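**Student:** One letter stands for each residue in the lines below.
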Amino acid sequence: MLSVAGLTTRYGAISALRDADLHVGSGEVVGLIGPNGAGKTTLLNTVAGLLTPSAGSVSFDGEDVTGTSPERLLRSGLALVPEHRRIFVDLSVEENLRIGGVTVSPRVRGDLLDEMAERFPVLGEKWATAAGFLSGGEAQQLAIARALMSKPRLVMMDEPSLGLAPVLVDVVFELIESLRAQGRTMLIVEQNATRMLEVADRAYVLRSGEVVATGTGEELRAQDDLFETFVSGGGGGRSDDQGAEDDR
Amino acid sequence: MTELIQNLIDGLGRGSIYALLALGVAVIFGVMHLLNFAHGEMITVGGYTVYWMMQRDMSWWLAVPAIIIVSVLTSLAIERIAFSRVRGGSDFTLLLTSFGVHFVVFSIFLLYVSASVKTFDRPTWVANTYSVGSLNIEVFDTVVIVVTVLTLIATSLLLQRTMFGLALRAAAEDFEAARLMGVRSDSVIRGAFALSGLLAGIAGVFWLMRAGSTVPSAGIDPMLKGVLAALIGGLGSLRGAVIGGFALGLAEVLLRSRLPDSIANLTEGFVFLLIALLFIFRPQGLVTVAHAERV
Amino acid sequence: MFPRPSRDIGFPLIGSTVLFVVFVSGALIYQALLGGAAERLVTVMLIDAIVVLGIQIYIGNTGVLSFGHIGFGAIAGYVFAVFAIAPSEKMRRVPDAPFGLAEVDVPTSVALLLAVVLTVVIAFIVGIGLARSGAESGAVAATVITLALLFVTHEVATNWPELTGGERAGLFFKIGSALDSRLPIYIALFGALVLARLFAQSRSGRLAVAAREDNLAARAMGVNPLVQQMVALLMSVAVVSVGASLKVFEDGSLLPGNFFFNYALLTLVMLIVGGRNSVTGALVGVGVMTAGRELARRLGQDGFEIFGIPLDDAPLDWVFRENLQTVFLGLSMLGFMLWRPAGLLDDWELDRWIADRFRRGPDEQPDELGSVDPDPSVRLEAQGIDVTFGGFRALDGAGVTANAGEVVGLIGPNGAGKTTLVNVITGVVSADAGTVTLGGRDLTGAAPYDIARAGLVRTFQNLRLFGALTVRENVEVSAFVAASHRADRPLADVDELISAAGIWEFRDRRARELDYGNSRRLELARAAAMAPWFLLLDEPTSGMSGAESLTMVEQVRQMAGLIGAGVVVIDHDLNFITGICDRIYCLDQGRVIAEGTPDEVQADPLVQAAYLGTASPE
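Protein chains in written order, with the numbering used here: chain A, 1 to 248; chain B, 1001 to 1295; chain C, 2001 to 2618.
Just so you know, these hints were derived from the structure itself, not from any lab. All figures in this text were calculated on a predicted structure; none of them were measured in a lab. In this text, a Cβ means the ideal position worked out from N, Cα and C, and glycines have one as well. Hints are not guaranteed to be accurate.
Unchecked claim - Some chain C residues well away from chain A (every beta-carbon gap over 10 Å; in silico):
| no. | residue |
| --- | --- |
| 1 | Leu2101 |
| 2 | Gly2252 |
| 3 | Val2288 |
| 4 | Leu2299 |
| 5 | Asn2323 |
| 6 | Pro2366 |
| 7 | Gly2397 |
| 8 | Ala2433 |
| 9 | Thr2437 |
| 10 | Ala2468 |
| 11 | Thr2470 |
| 12 | Ala2483 |
| 13 | His2485 |
| 14 | Arg2509 |
| 15 | Glu2539 |
| 16 | Glu2554 |
Stated by the list, open to error - Per the computed footprint, the stretches of chain A lying under chain B, defined by three or more beta-carbons under 8 Å from a beta-carbon of chain B, are:
| no. | segment |
| --- | --- |
| 17 | 73-80 |
| 18 | 90-96 |
Okay, chain A solo, but in the shape it has when bound (with noise of 0.2 Å):
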């Protein structure tokens, strides 16, 4: 469904991303990890379209898409849940969810409000409440959820586990279970990598920018020089912390 060859994304004069080659085939679920820096954020950004590639080329369902804007993208079915899940705090989840089904026509929004209630119990619960009072746990399902929202074809994840607590990061891994069982199709980037690669059908894994291994999720979690990949990496890129330094 996915295919991206040869990407490469620059930070000015850094080059974040060299050269990635990836694949996703319909219903399966693809593991990006590696440390920090490594790129998987902006291999992520430039396949959705928030960043340019300086080469390279990303086309989905067969049609070239290399830098279409993210607007053009989620029409036609490609849906990202950015890093940091970025919902509107001052919207209320309902709102969230709403502004996430814009693309779609109204009745298929309002049956689709139904069902994220449904299905997400705990945000049924805080349908009026402004998002910004969520704990960690609910916005990611509200993040899920608000993705879920455009029926997106294939969903994209970005760090789904960030900043949560060990239970809740167990709550998003059964959430992504299930989502798999349904058939979904996705593209996750985790720091977590023990979790992913269980759930993973396969994985690719990046260490400064660039692509250095890939294969099912048993074949990559039997390497034992795994940990030795992920904290000697350095990284070609930049890595996202929490609470960056962003003054005030």
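Add chains B and C to chain A, keeping to what the hints say.
**Tutor:** Below, chains B and C without anything else, positioned relative to chain A:
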């Protein structure tokens, strides 16, 4: 006591227009982080439209919708011609661009119409008053307040109940995330300018009815009021802008009535002094924008 | 050597002289060629130049857009007029002037002095308001306040006829100009030029420019932007006051409308067109816009002549009409903002160009790199730090300790709170609980610039250089601050630091032209120039390849040794960390989960789990 109530009504009447202007300014600021110093130009254009129509013996019934339509169109045109090119620019660039727009519109009218004041007849009912007990209330103030309240309610409904309003609010909070949801940046910005133009148009109708004239520099005063009111209320808050507008109107009227006659002329100066003090002691404005914290 | 008198004083003086001569000569030539009304035009232009230079001192050095300077000009103009006009004239126009001013009779020079002093005092008060609101709501609020000031002065002037003669009548010296020679104008113009350049090269000017480039980074280097902006404001208002007084004197009269919106926009356009960050640009802008306006004015008249040769422009009459000047100004402002916001000259300065041409051979690259011993008594201790962002607990009882001369590492997965901890220590974020002490001194909750001055300096994860300044100038910012606030420490020479950082060959290039690796090195050198007790480095190798990271290890070690500083470094690259750190803390979920030597921490299963994640509970 009577005088106080009288002043309150006067102040609310003035404040209504300021509130509409401030809201128009705040809507654009929320979405683009741009303080639109050209906001007053809608009123200048509206004024010349009225003048043109009055020259052809058209009535105010036609003029009112004309002002509003012209205002919306002008707003959209300005966005297309000038602001679309500086999206994402620095605050400095944005501010000066909007001033540049003001300057150009002003000079075009100066060049192609005239520097002199053009007057037109006010609607006949503007000067009427009616009595309630011992109060003498201007019909005009009443109409302004009622229309403003209706407009604010309608705008609130627009923002809270429609998809457009939702998209606007989402984009104001996080433009990029809104795009990820499929909200088209062009649409939302144009919509904001259209809404801003509409609000300016309604404010302009009343401003012009009261002024009875127009001049190329007519836009400066309303713009300043709108911008100051938005700042008083707290930049970034739509509610704040409205409150700021009413506060400004009330302050003007109350000060004028309280000041000794000899310096009543300097009311504007004292209002500014109050504003300055406000900024020194409460720089974030009247309304603290209580954001639900980001998780 | 630092500071460098030739570059900071000598060349600016030379350059100002050259500029003055060129500008005035050009104007005089034009005047000679066209005669008649051209004389007045030139006089007006020279005075406008003084005012625009004054505005440039503020806008150029602080980056804050101000409309208020013409409002200050109004105040100065009125003070000057009220004191300088002869009592006989005053009795005719404003017999009821308050405070008996109608009878006051002082020499013109005293009137000028009064104008400048009074206006500067008012500017000081306004400046405090600007500082307070600017800090909260950003530069936009400051701009609106200056705009309001412009309107207030106009309002007061219009509505106080006892003092000002009101909107229609105004104040008069006599019919025609009260100024008999241009000498005062020439003196004032030259003085304004010199002052503008010297200020820009001075300590205060440079610190203001640093804050303009990156406010947060400047504060992290010990700069208090509000102080520098106030200095710039006062200097600029003084110059504008002189210009405004001369303008009133030249006009021979003063009406409220003379110092209002139109004049504010005119002077602003002149500055923008020339290049707001350049003194030379200010003059160029004044010249270009005056010429353009004049051309537009002539085109707008019927019967257009160039140097006495008539041209027929009838077919274009629909464009070339009266008031074309105003359209020209408006289009210039809009045009430049849309297509060239930096103006014609950006921040190019004549004297800097001259200085570069006359450089006497290459500077000597220092090779003798001394080193300083750290003071063993100074210890950094952060303990029990709690930070909650809304519902999210970013730090939970976290802390770090570093001894003098030690290199301590902070590792942990994304979102663990490492940067937040550094933000708390350096005052960028306030903690809900916990303390930060340096050498026994409590720094909890202090402002970033106070913390920097106390000896804790940081670098940023996302590079924050002063882009428009050169490599040397970047480092000099810290050196300036250190010279004032850390003089009790041995201060490293700027050139030595640049050389030690490996960026000597780029020393005169602008920081924004540097590639990534060199930018990082510059950040390091700039931080080191503060002679801190501790350097806090936030992911210094982020974005570097393996080889570059190793070079960085050397650089950090060398730099720290050079200045006798301890280091606290956040990084993910364990090769880098183990290569340089004496001790490591590992954070996860806002808590310290491991502490010890690099080997100990790397082998800790908790650390491994933090990085790789734990398996799902079966």
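**Student:** Does each hint hold? Answer for all of them.
**Tutor:** Consistency of the hints with the structure:
no., hint, verdict
1, Leu2101, "holds (48 Å)"
2, Gly2252, "holds (51 Å)"
3, Val2288, "holds (34 Å)"
4, Leu2299, "holds (45 Å)"
5, Asn2323, "holds (43 Å)"
6, Pro2366, "holds (28 Å)"
7, Gly2397, "holds (15 Å)"
8, Ala2433, "holds (16 Å)"
9, Thr2437, "holds (22 Å)"
10, Ala2468, "holds (16 Å)"
11, Thr2470, "holds (18 Å)"
12, Ala2483, "holds (26 Å)"
13, His2485, "holds (21 Å)"
14, Arg2509, "holds (14 Å)"
15, Glu2539, "violated (6 Å)"
16, Glu2554, "holds (15 Å)"
17, 73-80, "holds (count 4)"
18, 90-96, "holds (count 3)"
Comparing the model with each numbered hint stated earlier shows that hint 15 is the single one that does not hold.
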